[in-house]
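Kindly produce the complete structure, drawing on both the sequences and the hints.
Throughout the sequence shown, residue numbering follows the UniProt record's numbering, covering 1 to 183 in sequence.
Hint data in this document are derived by calculation from the structure and do not stem from the laboratory.
You can take every hint at face value.
In silico DSBU-like pairs for lysine-lysine, Cα to Cα no more than 35 Å straight-line:
{"#": "1", "residue 1": "138", "residue 2": "69"}
{"#": "2", "residue 1": "85", "residue 2": "49"}
{"#": "3", "residue 1": "166", "residue 2": "129"}
{"#": "4", "residue 1": "85", "residue 2": "138"}
{"#": "5", "residue 1": "166", "residue 2": "85"}
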Amino acid sequence: KKKHKKKKTEESSEDGEKKEGGGGGGKRAQRATSNVFGMFPQTQIQEFKEAFTLIDQNRDGFIDIEDLKDMYASLGRAPSDKELKEMLDESPGPLNFTMFINLFGEKLNGTDPENALMNAFAMFDPDKKNFISEEYLKDLLENMGDNFTAEEIRQTWKEAPIQAGKVDYEKFVHLIKRGNEEL
1 KKKHKKKKTE ESSEDGEKKE GGGGGGKRAQ RATSNVFGMF PQTQIQEFKE AFTLIDQNRD
61 GFIDIEDLKD MYASLGRAPS DKELKEMLDE SPGPLNFTMF INLFGEKLNG TDPENALMNA
121 FAMFDPDKKN FISEEYLKDL LENMGDNFTA EEIRQTWKEA PIQAGKVDYE KFVHLIKRGN
181 EEL
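What follows is the structure, encoded as structure tokens:
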């Protein structure tokens, strides 16, 4: 049944026609969904789903303030309730996967992948020093998302710009996206 719905959504984005279905709001939600799903390759949509699942700590299909608290706590951070509420207030309704991908779609469509990586690293650098502890980054890579193996980390560390136990993530992002080309 899910595959059938997905196919309809993809068809609606290609031919622009409205599909018959539930109430008017459902059609609007379906159009919005089809538009955002058309912006990204299937592999990236799967990555969004994995990110959503990581954040949805209680696995109820919605991201709420408790999910955000738990996710940040697992990263060793504790933003205020006000900050978390501001994040959730970006969504016009309950933050399910469709709303999540719509919000990210608006923010990421047309963005520079290098900028997106820099912003991801910056989330783990509250002091904005452009450095992350080598051990902290290693722990994140081994335990969050698609877990790196010890061998993958060893390979990554061969080229990583690490000095005094700190990873310069601006140089690291440059290396990831452009190789050894000069900064």
